[in-house]
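J.: What follows is the residue order along each chain.
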Amino acid sequence: MQAYAPSFRPDRRGLMKAAGALAGLSLLPKGTLAAEDKQVNFYNWDTYIGETTLDDFTAATGIEVKLDLFADNDELFAKLREGNPGYDLIVPTNDFVERMLVAGILMPLDHDKIPNMSNLGANFRDASFDPGLKHSIPYMWGTIGVGYNTARTGDISKSWKHLYDSDQFAGQISLLGDGQNVIGHAMKYLGHSLNSTDIAHVKEAEELLISQKENIKVFADDNGQDLLASGEVVIAQEWNGDILQVMTEDDDISFYVPDEGGLIWQDCLCIPNDAPHPDNAHDLINYILDADAGAAIADFIQYATPNDAARAKLGPEYNENPAIFPPDETVARCEFQLYLGEEHVKNINDAWTRVQAA
Amino acid sequence: MESYHRNRRLFWLLAGPGSFWLLFFFLVPLGIVWTLSFGEKAVIDGQISITETEITWTLANYLRALADPVYLKIIWKSVWISVFATLLCLLIAYPVAFLISFTSPRRQAWLLLAVILPFWINLLIRTYALIAVFRTKGYVNFTLEWIYNGLWLDHLFGAFQPLELLYNNFAVVAGLVYVFMPFMVLPLYASIERLDRSMLEASLDLGAGQFTTFLRVTVPLTMPGIISGVILVFIPSLGSFLTADLLGGTNATMIGNVIERQFKAANDWPFGAALSFLLMYVTFGALALRAVISRQSGMPA
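Just so you know, the sequences run in chain order A and B. Following the numbering used here, the numbering of the first sequence begins with 1 at its first residue and continues without gaps. Following the numbering used here, the numbering of the second sequence begins with 1001 at its first residue and continues without gaps.
To be clear, the hints were calculated from the coordinates, so they are not data collected in a lab. C-beta atoms are modelled at their ideal positions from N, C-alpha and C, and glycine is treated no differently. Please note: incorrect hints may appear among the correct ones.
[Stated by the list, open to error] Computed list of lysine-lysine pairs in PhoX-like fashion (alpha-carbon distance at most 20 Å, straight line): (1) Lys161(A) - Lys203(A); (2) Lys213(A) - Lys1264(B); (3) Lys79(A) - Lys1073(B).
[Unchecked claim] Distance windows between CB atoms, simulated: (4) Glu1164(B) - Lys161(A): 19 to 29 Å; (5) Leu1287(B) - Glu214(A): 33 to 43 Å; (6) Lys134(A) - Lys1073(B): 39 to 49 Å; (7) Lys1073(B) - Lys203(A): 15 to 25 Å; (8) Gln1047(B) - Arg333(A): 28 to 38 Å.
All chains, full assembly: derive it from the sequences and hints.
T.: Right, here's the structure in full:
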């Protein structure tokens, strides 16, 4: 049981479903007062903020933070697409920032209210998916890669091959549970861009997956790290932060971003349209970008922060950890997930349905 | 009994809240989903919109679901998994319900509590608990290994090979049976409880054996409970997605998972709505079948 018990450390994606189902989702009041209440409604991933960050913010500003949690971007988007139910600050991933920009549901940010933006590293002052950071502020970034149990796999090459195109670990492989990432990385392994919209490339990836399926144990719905830790699988495709979480408990577990490259993601702080307390949301964004607050968050959740001032306050065990900050040449081969239109979303999901039914 | 015509005010007072609830929280949402199933994503400025749906009364969503065999294949598979889970539930629940209704009233209360108790825990938590029970280093394999080694079988046949109980269809069926068992036990208990015991005695007195009595007296008399239980288990099984998601393997996808994906990852609400309604037609089919069966056997539906 011990190995399975979900630990309450960095895991923004795990647990959340359990918590949401247990607690029910709170209905947030829609404030329409001219002067803002001393309140801000923060919609975040689970365990994705410092232990005391929000209390510290309340102590410093008198603004009360109401925290609500989502499990994945799809849930976040589904909640907001029919209108903002009352959130002031949300944390979508880059491709969903793009999607939300296309859907026109993000409020432009007032950079004058966020002086701590100067703490952002040089690479993070602009973004391809949101030129000029007009609607989004980088919060954390990371990769998808391969977590593996070195005691049971031995030394292996840094490739997607072991997951996608080999029976060496038959029956002991887990891939992620969402079609976009599984198919995207299959295309990456096949030498295409993970953003390829070429239907032939999608088909190729689909066929690769169907022939590899007999070797795959499960498409894990965000618990690949638990499967790895409990010995259910020996090699798993996962988010780097999730694997990092079990690496601290088990020395046999290791992580690499394959040499073929993979997905790099960036979660962003955004204010949705019709947010009842946009000024308070700006204050909270500014507070999160503070050097000390940012360092406390990064130290606790163990994801890579774009905040250089915060990094300067943390030691080498954070700054030089290759699972948090992969080598530059690997990062250079990684790609952001792009939002490529509804037709592409449909093609990917149809292919995914066929893979699962095969 | 008084006719409602004579006391209309009381009638509406009593029927009002329930009707209101059914209308606004069941029929209206259902109507919205039904309308949605005839829609398509709106095209705004030459680009397919992410959030806007246009109701064009197109049949394209239904045709897409029926034309690609993959969806029918998944529906068919979901039906089979649900049928299997329902039958297993019935086989396990019938003796349990029988036992409960034939014990002393004091004990009945405790046994019924034991059946209902798991309901107090969230479905998700119960499903996660099953993972801990079934996984390679879970409690089942742990117990089996303990017995295996206890019998010195490891000296004879080599080390214990853990059973693969998770991430396959077995795990999905087991999960469904576990989760929906109370829905089967309770209606069965209710109908067995009402069973006129003198009928059983009469049958035995008149020369029928235990087995014949069970088949020809007990089962027909408790048929309403059996039918209710079967429906209460089959319908939610058919639409479930959580169990297959957490316990299923690489091809354990059920139609519920596909529908969920249309509303989330695929962001295709019209198609998801059409699939939901196809599933609902299957459910209606099952209910119609029930009506036909109960009419043929002359029982109250």
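J.: Given a hint of 28 to 38 Å, does the C-beta separation of Gln1047(B) and Arg333(A) actually sit inside it?
T.: At 31 Å between Cβs, range holds.
J.: What's the verdict on Lys161(A) and Lys203(A), does the C-alpha distance respect the 20 Å limit or exceed it?
T.: holds (18 Å)
J.: Does Lys1073(B) lie within 20 Å of Lys79(A) when you go C-alpha to C-alpha?
T.: Roughly 31 Å separates the two Cα atoms, so the pair is violated.
J.: Falls inside 33 to 43 Å, the C-beta gap from Leu1287(B) to Glu214(A)?
T.: Distance hint for Leu1287(B), Glu214(A) holds at roughly 38 Å.
J.: Check the following: the C-beta atoms of Lys134(A) and Lys1073(B) are separated by a distance inside 39 to 49 Å.
T.: holds (46 Å)
J.: Lys213(A) and Lys1264(B) were given as a pair; does the straight-line alpha-carbon distance stay at or below 20 Å?
T.: Status violated; Cα separation ~24 Å.
J.: Go ahead and decide if the range 19 to 29 Å is satisfied by the Cβ distance of Glu1164(B) to Lys161(A).
T.: holds (24 Å)
J.: How does the Cβ-Cβ distance of Lys1073(B) and Lys203(A) compare with 15 to 25 Å: does it lie in that range?
T.: Distance hint for Lys1073(B), Lys203(A) holds at roughly 19 Å.
Checked against the numbered hints given earlier, this structure breaks hints 2, 3; the rest are met.
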